[in-house]
Amino acid sequence: MTRGRPAEDLRDTALAEVELTHGLARTWQTPSGFWGALATVDHKIIGRRYIATAFVFLALGGVLALLMRWQLARPESRILSPDLYNQVFTIHGTNMMFLFAVPVMEAMAVYLVPLMVGTRNIAVPRLNAFSYWMYLVGGVLLWVAFVLDMGPDVGWFAYVPLAGPQYGAGKRADIWAQMITFTEISALAVAVEIVVTVLKQRAPGMSLDRIPLFVWSMLVTSFIIILAMPAVMVASTSLILDRLVGTHFFNPAEGGDVLLWQHLFWFFGHPEVYIIFLPAVGMISSILPTFTRRPIFGYLPLVLALVGTGILAFGLWVHHMFTTGLPRVGESFFTASSMAIAVPSGIQIFCWLATIWYGRPVLKTPMLFILAFLFTFVIGGLTGVMVASVPLDTQVHDTYFVVAHFHYVLVGGAVFPLLGGVYYWFPKITGRMMSERIGRWVVGLLLAGFNLTFFPMHILGLQGMTRRIYTYQADMGWGGMNLFVSLSSLVLATGFLLFFIDAFRSARHGAPAGDNPWGAATLEWATSSPPPPYNFVRIPVVESASPLWDSPDALPVATGLRMDRRELLVSTVADAVPEARESSPGNSIWPLWAAAATTILLIASIFTPWAVVWGAIPVTIALIGWFWPKGTPEDES
Amino acid sequence: MTALRCAALVVLALAGCKQEERAMRLDPPIAEAMDAVALMPDGIGGRPPEVHVAMGNPYRGNAYQISQGKRLYEWFNCRGCHADGGGGSGPALMDGWWRYGPDLVSIYVSIRDGRPNGMPPFRDRLTPEQIWQLTGYIQMMGAYSASAAAPGRNDRMFSRPSENRAPAAAPAPGQP
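Each protein sequence line maps, in turn, to chains A and B.
Just so you know, we're using numbering that gives the first Met the number 0 here: the first sequence kicks off at 0 and counts up by one.
Just so you know, we're using numbering that gives the first Met the number 0 here: the second sequence kicks off at 0 and counts up by one.
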């Protein structure tokens with residue numbers, strides 16, 4: 000049953016401003032109350048949830064890191080038992096990679112991309128709701144298992160045979176593998192949404208060369224996710240099958256292959272690094288123009304560097320496996336490709352430096368985070384070129400040198416820009432500014448604490464301290480340096496604590512921000528802070544790459560969208576010429592039920608393969624409910 | 000509601016702890032007391048050591064202990080006579096038929112002291128704790144019901160479904 004087209008014209012062309020905003024708010028709002036909150040498909044609400052959840056996992060993972068530093072602060076310490084230490088470092092790594100770094104970048108995109116491209120909601124919004132629930136369940140699964148003393152203890156990349164059926168006793172490795180499945184489903188879902196949103200829902204006039212660079216980076220990242228994540232899903236599913244059903248994917252005696260695991264994992268695992276890094280550089284490229292008061296230097300090279308990094312990302316996974324005894328040709332090839340990645344990274348660094356050089360830098364907190372990034376990431380990049388060479392990698396493989404390297408790249412390369420991004424977009428999300436004074440302290444403490452914590456680890460690694468050891472003897476001579484590292488980690492932790500305090504306090508009591516507190520140029524600043532449920536009263540029309548700077552008084556707008564149903568504008572891929580008005584699905588509780596049914600299936604399949612058969616029935620029922628026509632105006636084509 | 004949820008979590012926690020706990024090294028007095036089985040005069044059946052009961056019978060329901068037992072089964076060449084449990088020159092261990100009874104103490108004593116017609120004693124080669132780990136694994140091989148703590152397959156050629164493809168023991172044809 001669908002309602003016919005109403006007699007009166009309810010398109011925004013025919014309505015007065017007040018009537019229009021009320022009508023839009025009624026159509027796009029999230030009903031208040033418990034069920035309304037569970038059923039919402041508003042990308043801003045889901046994005047906020049995603050971001051908050053990811054930062055909760057960051058804090059939890061940070062606590063684990065402090066536990067490890069407490070244990071390693073002196074030789075032969077007994078704070079953590081060896082078994083608990085194994086769980087702690089595994090969950091720290093798994094948590095930070097799968098539950099914090101990847102989801103938080105996607106979370107920022109879920110919130111920001113629809114605003115930056117000037118549309119009313121993300122594409123496939125119910126899938127977006129579903130993906131959040133899957134992510135949440137995956138995280139809870141990992142942490143509940145840890146609390147129950149059955150947390151994974153096989154390292155964040157869970158190499159077989161250690162994680163395989165013979166040596167991985169109990170259900171620990173299965174929990175790791177199934178947590179992967181949860182987070183991969185959610186990541187793939189978000190990636191598909193972002194690709195569709197960016198390619199088909201851009202505001203009229205936002206041709207490919209006017210897309211904000213953060214949006215470009217998320218588009219590339221989403222394609223990387225779509226191409227890389229299936230590899231690890233195949234791997235983790237094969238692992239569960241080996242462990243539960245007794246298949247032989249990784250059993251050499253029956254024709255399987257142990258190295259197959261490493262290939263499958265790193266074919267995902269290396270692009271994963273860029274899944275985390277590219278959104279961060281996108282944030283930098285989007286934030287930098289605001290604080291240098293000029294358009295970004297080298298827009299085209301930056302876009303090409305993003306795309307180039309995305310392609311190269313798939314050609315260097317083997318450098319994680321240099322010590323497994325590969326053929327020389329393979330080692331040489333992957334050494335060359337690993338060093339080649341420095342080219343697009345270098346292009347970006349120099350474009351940013353040129354932007355700063357030619358601009359008038361305003362040293363606000365987000366800008367300070369970018370400077371902290373430049374300093375830290377360059378060190379991480381240099382050690383990256385070092386470990387790309389086989390002879391050096393053979394020496395430092397699995398030592399603290401590698402630990403130092405990847406923390407420099409991930410924290411310096413991704414977390415610093417992310418925190419800068421949080422300071423930058425916080426006013427848009429909450430309508431309030433974060434404290435500039437505390438922000439400077441946060442940058443200072445993080446930069447100092449981070450370098451003091453992780454730089455000595457390079458030296459520890461060169462001295463032979465291997466990663467993942469739960470303790471060491473006093474006569475190894477690592478005690479002093481480890482104590483220094485542990486004390487420095489407290490400085491780092493203080494920085495993060497201060498950041499969380501500032502975020503909590505500012506969300507309630509921060510100074511009210513206007514629509515565009517930084518004087519930025521991109522579309523998300525064209526609407527109110529926080530944005531209304533429908534994002535824009537009228538869809539803006541874009542005439543340049545910096546629309547708010549080039550049309551400072553009022554943006555031109557496109558009209559003709561209906562007010563009484565959720566409707567958005569579909570445009571062409573290259574030039575963003577409007578093509579059609581398209582309905583956008585309304586709120587629904589069914590994504591939650593579908594996620595619950597999938598959860599039952601996936602968790603039960605840790606224990607019995609029959610769960611896949613019987614668990615498919617509730618999943619099917621939930622999906623039928625999800626897609627059943629409800630007779631709303633959005634059902635009309 | 001909150002109390003109920005907390006209670007459920009505690010129960011879960013306790014269950015989880017038991018099945019997944021890993022005690023790397025026993026306290027020496029406990030390790031010593033592990034050998035104090037009270038045996039029936041005919042050498043079949045008896046009472047496990049009190050400390051074993053006090054610890055909640057860890058060798059039968061704990062995934063780690065069972066997997067340790069499985070490793071010992073390989074390392075001490077139990078396969079040489081019993082094959083993968085199907086039996087060779089020694090009797091089968093997975094057909095549910097036990098010459099000296101299916102209880103833990105009988106299996107423990109069989110390994111420790113040996114049995115007539117070829118089963119050698121292992122008391123000088125294994126600690127009591129290791130014998131208990133092996134005992135738990137062997138009893139599980141011949142169990143009639145599934146166990147979530149059972150290990151998966153080994154990384155070698157396969158002659159039988161892995162232990163977690165339960166029920167392991169179906170009475171073999173021709174057996175009473």
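Check the hints yourself; a few may be wrong.
Said to hold, decoys possible - On the chain B side, residues computed to face chain A include the following (Cβ under 8 Å):
hint : residue
1    : A62
2    : Y63
3    : R152
4    : N153
5    : R155
6    : S158
7    : N163
These are calculated hints, taken from the structure and not from any lab test.
Note that this is a predicted model, so its numbers are computed, not measured.
All residues carry an ideal CB built from backbone N, CA and C; glycine is no exception.
Hints, one by one, checked against the model:
no.	hint	result
1	A62	3 Å, holds
2	Y63	5 Å, holds
3	R152	4 Å, holds
4	N153	5 Å, holds
5	R155	4 Å, holds
6	S158	11 Å, violated
7	N163	7 Å, holds
The structure does not agree with numbered hint 6 stated previously, though it agrees with all others.
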